[in-house]
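Colleague: The listed protein sequences correspond, in order, to chains A and B. Note that the UniProt record's numbering numbers the first sequence so that position 106 is 106, with each residue one more than the last. Note that the UniProt record's numbering numbers the second sequence so that position 337 is 337, with each residue one more than the last.
Careful: at least some of the hints might be erroneous.
Calculated lysine-lysine pairs in the DSS-like style (CA-CA distance at most 27 Å, straight line) [what the hints assert, rightly or not]: (1) A/K113 with B/K343; (2) A/K12 with A/K69; (3) B/K318 with A/K113; (4) B/K238 with B/K94; (5) B/K144 with B/K182.
Here are a few chain A residues that sit away from chain B, every Cβ distance over 10 Å (derived from the structure) [what the hints assert, rightly or not]: (6) L60; (7) P63; (8) K66; (9) M74; (10) L89; (11) R114; (12) Y116; (13) T128; (14) S134; (15) N136; (16) H150; (17) A183; (18) A184; (19) F187; (20) Y188; (21) A191.
Because the hints were derived from the structure by calculation, they are not lab data. For glycine and all other residues, C-beta sits at the position ideal for the given N, C-alpha and C.
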Amino acid sequence: MRLSPRGVFWLKVMLHIVFLLPALYLVALVLTDNAGGDPVQYIIHYTGMGAINSLLATLLISPIAKRFKLAALMQTRRLVGLYVFAYALLHISAFVSLDLLFAWGLLFEEVIKRPYILVGAAGLIIVTLLALTSPNKIKRKMGKQWQSLHNWIYVVALLAPIHFYWSVKSEIIEPSIYIAVFAALLFYRRASIKKWLMPKR
Amino acid sequence: MARKNRFTPGILQRAPWHVVDNQVTPESVFNDRRNIIKALGLGALGASLPGQVQAGIFDLFGEQKAKNPFTTQSLNYSTPRQFVLPDVKTPEDKVTRHNNFYEFGTGKSDPYDNAQGFNVDPWTLVIDGLVDKPITLDLQALTKRFALEERTYRLRCVEAWSMVVPWVGFSLATLLKDAGVKSNATHVAFETLFDPEQMPGQKSRLMGGGIHYPYVEGLTIAEAMNELPFLAVGLYGKTLPPQNGAPIRLVVPWKYGFKSIKSVVRIRVMDKQPPTSWNQLASNEYGFYANVNPEVDHPRWSQASERSIGEGGLFSAKRIPTQMFNGYGDFVADLYKNMDLRKFY
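Next up, chain A with everything else stripped away, as it sits in the complex:
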């Protein structure tokens, strides 16, 4: 199926709405006092889930596009990927501002002491690099390097669910499901991952 440029435009508008709504919903919940007596942990968890679910969405795009022959979908990957970055940024901002209350020394200590924060921080750095190199201009300039840099999203697909699993106290069922789903999405891409890791000389 082919989509006209107009069709792609409306598809993108729809995706923006889909990814913006949860953030607006969170704002409404907090403002209306519906996010619990002390919403800090709620906000951190909510935005983290926003990031991991957006990541899931980006990785689902190409399998769906291939399976259902929807080439137009491929043009939405950057948009969805940038929402991963946006939610991850909200997530870390909430942690630093609302939980650590800008105790930067503590942030440094915590990153070193808490392996799950280290894993999350590594994921955030990668996602930030991908977001910064997402404009077409930079993409053109980077040539072949662009694709090999953006393959690092596969590493994020491992780091993010591990970060989730590692951060919970005992409720491991949900993060375990995420690990399994991300593993399946990576397995689906095993050929291209192999090519990336072991390029032919």
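Given the coordinates of chain A, assemble chain B onto it according to the supplied hints.
Modeller: Same frame as chain A, now just chain B:
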């Protein structure tokens, strides 16, 4: 141990991080948020929002929950000066809406959202085991048998947040003395109600966070006979709401919050250390003693400081240094004199 003298019984001290009244957002301004929201036309939106919404893939279509709050009764009690704290108290609506009570779900607002229909009448609390006279208390006896007093205690969660809560109840030692502890007793075990019909977390592993129910906790006899451990039947002058452990819960202020077991049905005096829930689940992370200790970190996070949940909105919380034994060293440090607290965390 340098910080242990912060808390001196009977003397009101103000530590440097204590909020003074004029720094706190006045309640009227805080409450005005609702009017601001109304003015923005968001009120209707708010009313239509379900009380509990999770970003989890399982709860995308969470349904609206009926919110007929559990009815509480006011209590008669004295307020011994010894247990008055200078700290700013955590407002009641935060104490009752930010809870870890996995029997009602693992989210902090789940207990408030899911426990309002909890039925505590009839209730039976049994004190048995190595005692001279086993005691059985019904719901009425919980608030009538002993003279009630109010004690304001700091509560430090193992997750590095804290509250200051005015509890109403009686000391555990009073109850144990009434039952008569036998000389060969070494430990006291506590058990939460097991009722999967009322406690959805006990029914579903997903909701209950993988804990083996019923929840059990324990103290050594020396700890239990100390004057601090408190059996709370109320907070803020009224009987406990279910999310805080109605109708009776333990409060052990120098230990991490998970030791302060809720909705207790059995207190058993024993001659060995009882298995305890979090310790069984992850013994490398949660010890039997679980004394608040800024020098011994949780394997996955630092315990050196805590986010103090006080008055005001989102940005008004404070990060304060965590105190050894949560500031109760004068009462309890002797209990651990020859103990390696790194080993017995």
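Colleague: Each hint needs a verdict: does it hold in this structure or not?
Modeller: Results of checking the hints against the structure:
Taking the CA atoms of A/K113 and B/K343, the gap is near 19 Å; set against the 27 Å cutoff, the hint holds. Distance restraint check for A/K12 and A/K69: the Cα-Cα separation of roughly 18 Å lies within the 27 Å cut-off, and the hinted pair is therefore satisfied. Restraint check for B/K318 and A/K113: satisfied, since their Cα atoms lie roughly 22 Å apart, inside the 27 Å limit. Distance check on the hinted pair: B/K238 and B/K94 sit about 15 Å apart at the alpha-carbon level, within 27 Å; holds.
The hinted pair formed by B/K144 and B/K182 meets the criterion: a straight-line CA distance of about 26 Å does not exceed 27 Å. With a cut of 10 Å on Cβ distances, A/L60 stays outside the contact zone with chain B, its closest approach being about 13 Å. Interface exclusion of A/P63 from chain B stands, the closest Cβ pair being 18 Å apart, more than 10 Å. For A/K66, the non-interface assignment is confirmed: its Cβ lies about 23 Å from the closest Cβ of chain B, beyond the 10 Å cut-off.
Distance check on A/M74: its Cβ is at least 25 Å (rounded) from any Cβ of chain B, clearing the 10 Å threshold; non-interface status holds. The claim that A/L89 is not at the interface with chain B holds, since no C-beta of that chain comes within 10 Å of its own (minimum 16 Å). Remark: the non-interface label on A/R114 conflicts with the geometry, its nearest Cβ contact in chain B lying 5 Å away (cut-off 10 Å). The claim that A/Y116 lies off the interface is violated: its Cβ sits roughly 6 Å from the closest Cβ of chain B, which falls inside the 10 Å cut-off.
No beta-carbon of chain B comes within 10 Å of the beta-carbon of A/T128; the shortest separation is about 22 Å. The non-interface label for A/S134 is consistent with chain B: the shortest C-beta to C-beta separation is roughly 25 Å, beyond 10 Å. Distance check on A/N136: its Cβ is at least 32 Å (rounded) from any Cβ of chain B, clearing the 10 Å threshold; non-interface status holds. Even its closest Cβ contact with chain B, about 26 Å, leaves A/H150 beyond 10 Å, as expected for a residue assigned away from the interface.
At roughly 16 Å from the closest C-beta of chain B, the C-beta of A/A183 stays outside 10 Å, upholding its exclusion from the interface. The beta carbon of A/A184 sits about 15 Å from the closest Cβ of chain B, which is more than 10 Å, so the claim that it is off the interface holds. Remark: the non-interface label on A/F187 is consistent with the geometry, its nearest Cβ contact in chain B lying 20 Å away (cut-off 10 Å). With a least beta-carbon separation of about 19 Å from chain B, A/Y188 lies farther than 10 Å from that chain, consistent with its non-interface assignment.
Distance check for A/A191 against chain B: the nearest CB is about 28 Å away, which clears 10 Å, and the non-interface claim stands.
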